[in-house]
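K.L.:
Given next are the chains, with one letter for each unit.
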Amino acid sequence: MDNKEYDITIVGYGPAGITAAIYAARKRLSVALIGELPGGEVRNSGDIENWPGDGATDGNTLADKLIAHLKTHLDAVTIFQEKVTKVEKAKNGFTTTTESGKTLASKTIIYTAGRHPRLLNVPGEVEFKNRGVSYCATCDAPLFPDKDVVVIGGGNTGAEAVIMFQKIARKIYLLHNTDKLAADPILVDNFKDDPKVTIIYNTKTTKIKGKGMVASLTYENSNGKEETIPVEGVFVTIGAIPNTAPVKELIPLNPLGAIPADRYGITSIPGFFTAGDVTDIRDAQIVVAAGHGCSAALSAGDYISRLQ
Amino acid sequence: MAQVTVYTTQTCGYCKATKQYLGEHNIPYTEIDVGVDRDKAREMIEKSGQMGVPVIIITKEEKEETIIGFDQARLAGALGIA
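Chains A and B supply the protein sequences, listed in that same order.
1 is the number of the first residue of the first sequence in my numbering; add one for each residue after it.
1 is the number of the first residue of the second sequence in my numbering; add one for each residue after it.
Since the hints were derived computationally from the structure, they do not count as laboratory data.
Remember, it's a predicted structure, so these values are computed and weren't measured experimentally.
One or more hints might be untrue.
Stated by the list, open to error - Here are the simulated EDC-like cross-link-like pairs (lysine to aspartate or glutamate), alpha carbons at most 16 Å apart as the crow flies: (1) K86(A) with E249(A); (2) K47(B) with E64(B); (3) K71(A) with E24(B); (4) K4(A) with D75(A); (5) K83(A) with D71(B); (6) K248(A) with E88(A); (7) K209(A) with E227(A); (8) K211(A) with E46(B); (9) K19(B) with E36(A); (10) K19(B) with D64(A); (11) K65(A) with D47(A).
What the hints assert, rightly or not - Beyond 10 Å from chain B on every Cβ pair, some chain A residues (computed): (12) N3; (13) H69; (14) Q166; (15) N202; (16) E220.
Ideal placement from N, C-alpha and C gives every residue a C-beta, glycine not left out.
Please put together the full structure from these sequences, using the hints given.
P.N.:
Structural data, given as structure tokens:
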């Protein structure tokens, strides 16, 4: 056990956690920030055009800027680039355990572990993961030059994947489960008239087949009939699931698996605060996560000042 | 000393995190951008049997270890990082 007791342990290295750390540091609170991927899922979000002040930027650039800002506060913030396996209630606060076996004691927790991509749960998906099936177009799209690919899910992430593939792939199918794309029209405008892009509505993916690598995807069309398209890449963008495994014995989750919290990041457990995409907040947006992280830090600061 | 090769794409966050991790521990490495170099992309797929990046190949005493993804525990083990 690290002997030090921190005021706050922040779990998560994304916009919510980083913002919480900056606000906490400015309150002269001692902070341990633990997370696996510096910058969080933002790193995998490709082009970003809705972060105020930056016009057009991208995930890696924004993540680097957030981290550079965070690192101006290393007097107050200790960063551990690690995976957290468990957060538990201790006698006077909380204990956080990491994959390498570190345990950290803190008066409070701000849990900002974000979400991970949802699976299709169809035959072939697991078998062909990274053999044509990917959950990160931003990462893997460049490996599909002049190939035929399918993007599953017509939300913003799916639309951004299609936009990325317009410059790389030969033919792009976009499958959506209802009769209307959920993505912002400003994104859809980029490809709705592109002859390379075929949008198919009211589909349900049924299987992925191949030999070593992906060769085709089969879906049920609006008439309940199965159709098969020959593709080498299957990009799954059907939403995300909150990363709650380390806290599932600590706090009750809502039916969607998110942590219930109010706008100030306050939960049902005193001293346990949360922010961003892991919570039941409506909008999974970078700017919202950052704002929620700020509120959670101020809530934690308020809680700590009452302890003394 | 181990030779480290990292297959990446420019946009991949886990690639960046891998490079940052190696840099922080002063491990020299060679980076190959498989988004640009198609021959090297094929080589990576043959060596790793898959298409996800990053792929890290560590050659030590003529033995090759292939690590797929930013797997910090395996990187630390293979490179003797405490």
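K.L.:
Confirm or reject each hint.
P.N.:
Hint-by-hint comparison with the structure:
| no. | hint | in the structure |
| --- | --- | --- |
| 1 | K86(A) with E249(A) | holds (9 Å) |
| 2 | K47(B) with E64(B) | holds (10 Å) |
| 3 | K71(A) with E24(B) | holds (14 Å) |
| 4 | K4(A) with D75(A) | holds (14 Å) |
| 5 | K83(A) with D71(B) | holds (10 Å) |
| 6 | K248(A) with E88(A) | holds (10 Å) |
| 7 | K209(A) with E227(A) | holds (13 Å) |
| 8 | K211(A) with E46(B) | holds (14 Å) |
| 9 | K19(B) with E36(A) | holds (14 Å) |
| 10 | K19(B) with D64(A) | holds (13 Å) |
| 11 | K65(A) with D47(A) | holds (15 Å) |
| 12 | N3 | holds (19 Å) |
| 13 | H69 | holds (16 Å) |
| 14 | Q166 | holds (14 Å) |
| 15 | N202 | holds (30 Å) |
| 16 | E220 | holds (27 Å) |
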